[in-house]
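With chain A fixed as given, assemble chain B onto it according to the hints.
Okay, here's what each chain looks like letter by letter:
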Amino acid sequence: MNGSFAQYALAQADYVGRIPEKLSFVDAAPILCAGVTTYKGLKETNTRPGEWVVISGAGGLGHVAIQYAKAMGLHVAAVDLGPEKAVLAQRLGAEIAIDAQTQDPATEIQKQIGGAQGVLVTAVSTMAFKEAISMLRRGGTCVLNGLPPGEFPVSIFDLVLNGYTIRGSIVGTRLDLEEALSFAAEGKVKAIIETKPLESINDIFRHLKTGKVNGRVVLTIGAPASQEAFRKSA
Amino acid sequence: MPIPKMMSAAVAEKFREPLVMRELPVPTPGPGQALVEIMASGVCHTDLHAADGDWPVKPNLPLTPGHEGAGIVIALGAGVTHLKEGDRVGIAWLHSACGHCDFCLSGWETLCLNQKNSGIR
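Same order as they appear, the protein sequences are chains A and B. Quick note: the first sequence uses the working numbering, first residue 1, plus one each step. Quick note: the second sequence uses the working numbering, first residue 1001, plus one each step.
Derived by calculation from the structure, the hints in this document are not laboratory data. Being a predicted model, the structure only gives us computed values, none of them experimental. C-beta atoms are modelled at their ideal positions from N, C-alpha and C, and glycine is treated no differently. Check each hint, because a few of them may be wrong.
[To be verified] To be clear about the criterion: a stretch of chain B counts as covered by chain A if any three or more of its residues have a C-beta under 8 Å from a C-beta of chain A, and this derived list gives those stretches:
{"id": "1", "region": "1039-1049"}
{"id": "2", "region": "1056-1066"}
{"id": "3", "region": "1112-1118"}
[What the hints assert, rightly or not] Straight line, CA to CA, 25 Å or less: simulated BS3-like cross-link-like pairs of lysine-lysine:
{"id": "4", "chain 1": "A", "residue 1": "Lys70", "chain 2": "A", "residue 2": "Lys209"}
{"id": "5", "chain 1": "B", "residue 1": "Lys1116", "chain 2": "A", "residue 2": "Lys43"}
{"id": "6", "chain 1": "B", "residue 1": "Lys1014", "chain 2": "A", "residue 2": "Lys196"}
{"id": "7", "chain 1": "A", "residue 1": "Lys130", "chain 2": "A", "residue 2": "Lys111"}
{"id": "8", "chain 1": "B", "residue 1": "Lys1014", "chain 2": "B", "residue 2": "Lys1058"}
{"id": "9", "chain 1": "B", "residue 1": "Lys1058", "chain 2": "A", "residue 2": "Lys209"}
{"id": "10", "chain 1": "A", "residue 1": "Lys130", "chain 2": "A", "residue 2": "Lys196"}
{"id": "11", "chain 1": "A", "residue 1": "Lys209", "chain 2": "A", "residue 2": "Lys130"}
{"id": "12", "chain 1": "A", "residue 1": "Lys130", "chain 2": "A", "residue 2": "Lys22"}
{"id": "13", "chain 1": "A", "residue 1": "Lys209", "chain 2": "B", "residue 2": "Lys1014"}
{"id": "14", "chain 1": "A", "residue 1": "Lys43", "chain 2": "A", "residue 2": "Lys212"}
{"id": "15", "chain 1": "A", "residue 1": "Lys22", "chain 2": "B", "residue 2": "Lys1005"}
{"id": "16", "chain 1": "B", "residue 1": "Lys1058", "chain 2": "B", "residue 2": "Lys1005"}
Only chain A is shown next, with the shape it has when bound in the complex:
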């Protein structure tokens, strides 16, 4: 189906998400994929409030995931490359932030908290996937959201003897989406957003390719004035 890089798009009525009044269109947009995907991914770690989850990658998906994990009552450790990302992760609520450029994440997580019950991989490097398994506590679950092309090696011995679960998770159901939007409307989750016009899409793609995007880019398409005009005429 043609998508939303346009002034108008068709939706299947039974499958739309309802955007709460309190949530702006700009703030709602990233929740429709990044938000619901990481929220569902966190659910799929089967962690419970009070347990530890590691968010690997603090980019477009990860910086939202950290906030959902906090809102869900989890303890959060975040792993990314570089000191800026560690600061960002802490600002968003991570209690532990590991800069994988200077520290070994698996060693640190095992040393500081004895491994995490859940790990959510939002990073797009295959290396991060291998590393993620080593951050688990026995019986823990690693959920994969990031989509780098390629494969990653898994030690069968580690998997069997430690009772690890590894699973992929893709977007979320309509109910997951409704819940994800509610968290955002309540102000518990807010993506870091840079707004751009539709015409700048090719620049945005170029920045995505080189990893230069912080948070999420949102295209502002319809004028908010048009929304007001509609309400008045309705």
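Frame of chain A; chain B shown alone:
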């Protein structure tokens, strides 16, 4: 407010080439569909994969990407009773699913084999 006949869209016409701004006809909602005026759309790395044809099964071109569309319902197709014009809605990756397979019935509509996705054809 009258619905315009034409709209601007960013369109992938060839893989691995820049999207092109085009004037396209505003689509008419069919049965079960809603026409949404897009106010904001997030940009996901997956949109880039779609435009570059990175997947084993390549999408059909031309294609308008985008699956984080937030906007307002401005027209309804036949049989839609639970939405009304002016409703604030979001169009997500899961554009639709069949609604009657094992996956849909067990709360796993995200795995439906007959699902349609937004921003990919």
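Hints numbered earlier in the text: which of these fail when held up against the supplied structure?
4, 10, 12, 14, 15 and 16
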